[in-house]
Amino acid sequence: MKLTLKVWRQNGANEPGRFETHQVEADEHMSFLEMMDVLNEGLLAEKKTPIAFEHDCREGICGSCNMVINGRPHGPNSGTTTCQLHMRYFKDGETITIEPWRAKSFPIIKDLVVDRTSFDRIIQAGGYISVNTGQAQDGNSIAIEKDLAGQAFDAATCIGCGACVAACPNGSAMLFTAAKIAHLGLLPQGEVEHKTRVQSMVNQMDEEGFGACSNTAACEADCPKEISITNIAMMNRAYMGSVLGSQK
Amino acid sequence: MALNANEPKGNLDEKWTKYRSTMNLVAPNNKRRIEVIVVGTGLAGAAAAATLAELGYKVKCFTFHDSPRRAHSIAAQGGINAAKNYQNDGDSVYRLFYDTIKGGDYRSRESNVHRLAEVSRNIIDQAVAQGVPFAREYGGLLANRSFGGVQVSRTFYARGQTGQQLLLGAYQSLSRQISLGNVEMFNRHEMLDLVKIDGKARGIIARNLLTGKLERFGAHSVVLASGGYGNVFYLSTNAMGSNVTAAWRAVKRGAYMANPCYTQIHPTCIPVSGEYQSKLTLMSESLRNDGRVWVPKMKEDVMAIREGKKTGNDIPEGDRDYYLERRYPAFGNLVPRDVASRAAKIACDEGHGVNKTGLAVFLDFSSAIIRYGTSAAHSQNIHNPSAAKIKELGTEVIAAKYGNLFEMYEKITGENPYILPMKIYPAVHYTMGGLWVDYNLETNVPGLFAAGEANFSDHGANRLGASALMQGLADGYFVLPYTIGQFLSNEIRTPKISTDAPEFAEAEKNTKDKLEKILSIKGNHTVESFHRRLGKIMWEYCGMSRNAEGLKKARQMVRDLRAEFWSDVFVPGTAEEFNPELEKAGRVADFLEMGETMILDALDRNESCGGHFREEYKSPEGEAKRNDEDYAYVSAWEWDDTEPILHKEELKFENVELKTRSYK
Ligand SMILES: Cc1cc2nc3c(=O)[nH]c(=O)nc-3n(C[C@H](O)[C@H](O)[C@H](O)COP(=O)(O)OP(=O)(O)OC[C@H]3O[C@@H](n4cnc5c(N)ncnc54)[C@H](O)[C@@H]3O)c2cc1C
Ligand code: FES
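Sequence lines, in order, name chains A and B. Once you know that position 136 of the first sequence is 136 in my numbering, the rest is easy, because the numbers rise by one and skip nothing. Once you know that position 7 of the second sequence is 1007 in my numbering, the rest is easy, because the numbers rise by one and skip nothing.
Don't read these hints as lab results, they were simulated from the structure. Careful, some of the hints might be misleading.
Computed footprint of chain A on chain B; a stretch qualifies when at least three of its residues, placed anywhere within it, have a C-beta under 8 Å from a C-beta of chain A [said to hold, decoys possible]:
| # | region |
| --- | --- |
| 1 | 1046-1054 |
| 2 | 1067-1079 |
| 3 | 1112-1126 |
| 4 | 1270-1281 |
| 5 | 1488-1501 |
Note that the structure is predicted; figures quoted are calculated from it, not measured. For glycine and all other residues, C-beta sits at the position ideal for the given N, C-alpha and C.
Just chain B, same shape as in the assembly:
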């Protein structure tokens, strides 16, 4: 089936404004009767729930966390993009649109991306009004920095805690609506099934995680803002609890999963140190503004470093390979994430990795420290400053910019990055894929909407840094609360959805049976061990680079692992109590199906684009080779236990010319 994105007609730069002013509205008296369920309280969910409530809808909001404020969005570090052009460096809505399309390797929908760039400006205004303490210049105006893949400074930030501050802003707006009685908040409730009546999404089954009780919730419409699925890989920078369950259970009810093979591998993470690890830590990409990435040219130096006989500082300038600057002179250390990650992998595959495992490269701040130190000395009127003075002053500047990141690095590794260059390696970070949605952010299931990382919408095959926060908040504050009206305006005669309907009973039973099944296996292996094994398969065969042979093998391995899970997993306790192992088991069961879908998608896509690099499709210099003729489509998978079905949405490019992405 060909999918229809329901894009409005008209010129690209007018589509959204025209559409918004001609969209169907729901009158205030009707809004008070119409109920909306929002699953998730990250940036997308909290923003959507608060805004829908402000508009007058009756909102029920869910999170599996103990508080809405704990959503994974809280951990975002580097910043949020917006086409404000406050720096007067030539930024514009069009440029942000263009950068996003290009950064996404021409695999996203023009109309969605343009809308995103348009509303990006409102997000900053909104956040400032909520009291988000963004970084400021001495003149009191908002400060910006630049991020990978672009040549303007459009990233707004709050030290290295931008996600925290933006989420607290949204959480506070949500709290206000809770106190006004417009949002009913359900903490520690996990959505485990979607309820459809006459084909429309009308409610959910959620498990009260404290008591274990399954509860039914009805509404006129359901919004999923449940985040991304990077934890399929076990090791990722995502929070431990991030999972695909809400989205996946919707897939099991007929929603399509789009572009699942596009995974973002972030270039700057703290390398893996041991088997016991369950989580990787990101070092914000903003560090690449001032850090230079390199490995030693000579294998002797590499060996000496690995054996602890030398440090990065002992390698003379001429013996260092600043490989990003060498290969990509135009963008240098600021190439997009997929390019930087692959380059690190190549350097390490060629034997230049600088830690014991051979999987690490240097991120070095010494040049920046000298540069900033010299300029600080100059502005403080210190003539002929000593090298030590310059270093001291430069270190102060770096500390002001990245202090908390440097501290975090030192806490984890025990090494002081002001003295020794940081060691970094790529890690799974973000999933561009997600539930398929049309221009209204509505899935193929009528009345079911998806927002934030949970949908596939705007980043194509690769997301630019600082654009996830932008998209989550755009969806939540400025898009979904209006586009949902297109559906709800036809529902004003629909009475309150009764949870006594047989569909609710069926869904509840389905959920209960699944939980009982898991508990009844009483096998020999922990949930964690299955998760770890799945992660290894995915990383090896469906990670930074893939090939058809490996993917075919991996598909069988995942299927076997799934069968083993369902016959040999051990989960203690009962379903009628607070049981974190049982929660985890349900999530891993879903990852075991999601993983297969990712592999299938990667197999289908016989090209390399963005985060999807197929070894068979590359240029002689090793760069990704797209195939626009055959693969300029969004893939959308319908789940089937034996053979999932592929649907396609053709992508039309009317405003940008498809080019080979070059950062050289």
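Bound-form chain A, shown alone:
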């Protein structure tokens, strides 16, 4: 299949960016990133600089890959990361636009590569359970209801890619933050620190310049792990509770 790609190129956060147009010959069995590899090999053959994009596992789990494809983070298929998207979902002769995540808190490094360290700092603010190595009791000493463990798992499955932020018109990181808060807060091990965790993670999120949530639910629609926005409601309740609680 022959494709026309309009790809965003930019040399750094403070440089102007532009779309560049390329033709590429692809096979319908290729993954989207394999198609990008073909394009880059072609650029290198012409001694040009390849398009920088992030990727590693190519199995939809590391959260590295991040392309806005035809206006949607990770492309047209729901529950799918860019690396898992295959060319059989595109038509011969199609024009595809490829852009980086666009958000104030994810400055562009080069082309499609952005800086997502703000996510690390949100986790550092409290996205953990304070237990040192060797302090743990036996793994089976607390039974946890299967459904509850499953619910915690559903939230814990977040890969930290940032599609939620890229999808949100306000550039909000509520889904990312809420997913971690739900994962830990639902488990008895994480309940103890729940209130302080909610406060410090939400504060860090604000400090990083992420926007507010206006309930458009675009984040849920584009989350490759289909994490539910009910987590956000739970976080909001906990945040209100902890703020009111601490004013007493």
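Chain A is fixed; fit chain B with the ligands onto it per the hints.
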């Protein structure tokens, strides 16, 4: 030189506990001054960095990724072993120890493996306390499943995302230490050289991948937890960025590379579909719990399937060869990985492969679907259920167990594995070899430690499924943070390591020259093309089976390819900027040397054991034939540009009897 593993004296089951309680300690006030560099934030690195920081050391931690959470460990699917015996099926520390020694084909160190089995239990406790959402039974207790090569259920799992959940646990502990100021974290920094002062490891040179700047970092000790080197083969299940550079640059500074020829080829991966592919995808081994492996008996059927005229479902039961069940009735589909992979290769070499390339076998869930469906109907009180109902119920059970794997398969291949049997083929997956370390996980370079897949320690010639996560976390949480004290307790008078020392300047210059050299070639071929060619040579001559003639040929081919790389590679841009092609070039340059070492090791080892199968050494039935008399040693290679030097550590077996591994 004979290598000394520094194993503690005493009975096997007491060695570690006694040693741990008599080891030298570093007092808290001294720990605050002592600096440790940890390279890598996978399970081993993140666990080590977090634990060392909790103990009070000043830690500097490095990853070439944009975040510690992206390490390749995140992709592990199936699970983690631990001798908890929660299932009451006769498991014990000794049994896990024994299974690991046997699974490794008697090529690992007894004392290390026993310690691994002991601390395995603590890992599960630790992970649960961190909030790792392991699978649970209806009663709320932890669930287990079984994995290849063993007959007990000791594998803990979190759906098909065990590595992700364990890594996030370690990452969160690491994040906590970062926020407390005990760990200084350097993302997007690639270690490119090791700095030795007076023979001891005292720092690293790292390239800031965003700016290209070379930076010097000093410490009292350096820990490498930089993962495995499976990507020597180009196509593997490893993440694209996994590489040998940190370990290899240490080898260039005198560390030894141990057992490099032991590569694990995983039996259940999605077959190669085209030349453009740069990565293979694993289908977790846990699938072999319920999937049956087969190929058609008759060539006509094979042809019809290849031509798309028939599917697996059209082949009647009697015309299928369930070759693992036939050849290995005791373990059946759950034989260890090396055995399963070779059996698949034989079936395909004999012309029974079921896809266009002839390199695929079926993994079929239809029996399991019926079995689970029948039992589900029974427990839901559905009498005389129809075949369709049974299928529906059984499919639900399979979906609950393996849903995400089935989805992944369908995304990649476009085929629905609930309806058609999966097609699988072996692929490079894990490297048992790695930096040589003693019982303390210290390399032969004093002060340089290695943990996780980067060391060679515990899996001998073949690793059992779900044991890499166990070993990485054992090293990181429960072994290295204590054994490193043996070295550091003698360093309490050593002042802060100054990066103004001439050794740092020399190492920085060495690194800079290498980068400049690569950029100055301006040749005609891409880094990728060299990597792909190297991979083909390695797979063909040093892959699932090897022979002396092929290996000799391959060695020359790799040397020629290396020479060509250094005269004809093309890398755009400069060293003073974000330049992913330059990063890749450095890694491929190292693979080109590592590959030769692997070949040399495979040539040296005139026997077949575990992942190393030499065609000249097999039984009449085609099974691997070990030679304990002459080869019960760990090989440890010292690099030399012309003729690398072999050192040996003799393996002593005092607690298990060496037997021919049989899964029949
Ligand atoms: C698809 C797949 C599935 C698997 N499933 C299982 C399973 O179910 N059970 C199991 O037990 N095992 C499994 N394994 C094996 C297991 O995942 C790995 O062996 C293990 O995770 C390795 O962990 P590690 O900490 O040693 O290294 P890694 O996780 O590879 O981490 C390496 C780290 O080092 C850093 N690094 C490397 N070089 C440098 C450098 N030069 N400078 C700076 N940083 C550097 C990287 O950035 C990274 O942070 C699987 C492997 C694969 C490929
Ligand atoms: S590359 Fe890892 S999620 Fe896409």
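Hint by hint, here is what the structure shows:
Given as covered by chain A, the region 1046-1054 of chain B passes the check, having 4 residues with a CB less than 8 Å from a CB of that chain where 3 are the minimum. Requiring three or more residues with a Cβ within less than 8 Å of a Cβ of chain A, the coverage given for the region 1067-1079 of chain B holds, as 7 such residues are present. Counting residues of the region 1112-1126 of chain B whose CB falls under 8 Å from any CB of chain A gives 4; the rule of at least 3 is met. Figure legend: the region 1270-1281 of chain B, annotated as covered by chain A; annotation consistent (7 residues with Cβ-Cβ distances under 8 Å, at least 3 required).
For a cut-off of 8 Å, the count of residues in the region 1488-1501 of chain B with a CB near a CB of chain A stands at 0, and the three-residue condition is violated.
The earlier numbered hint that this structure contradicts is number 5, and it is the only one.
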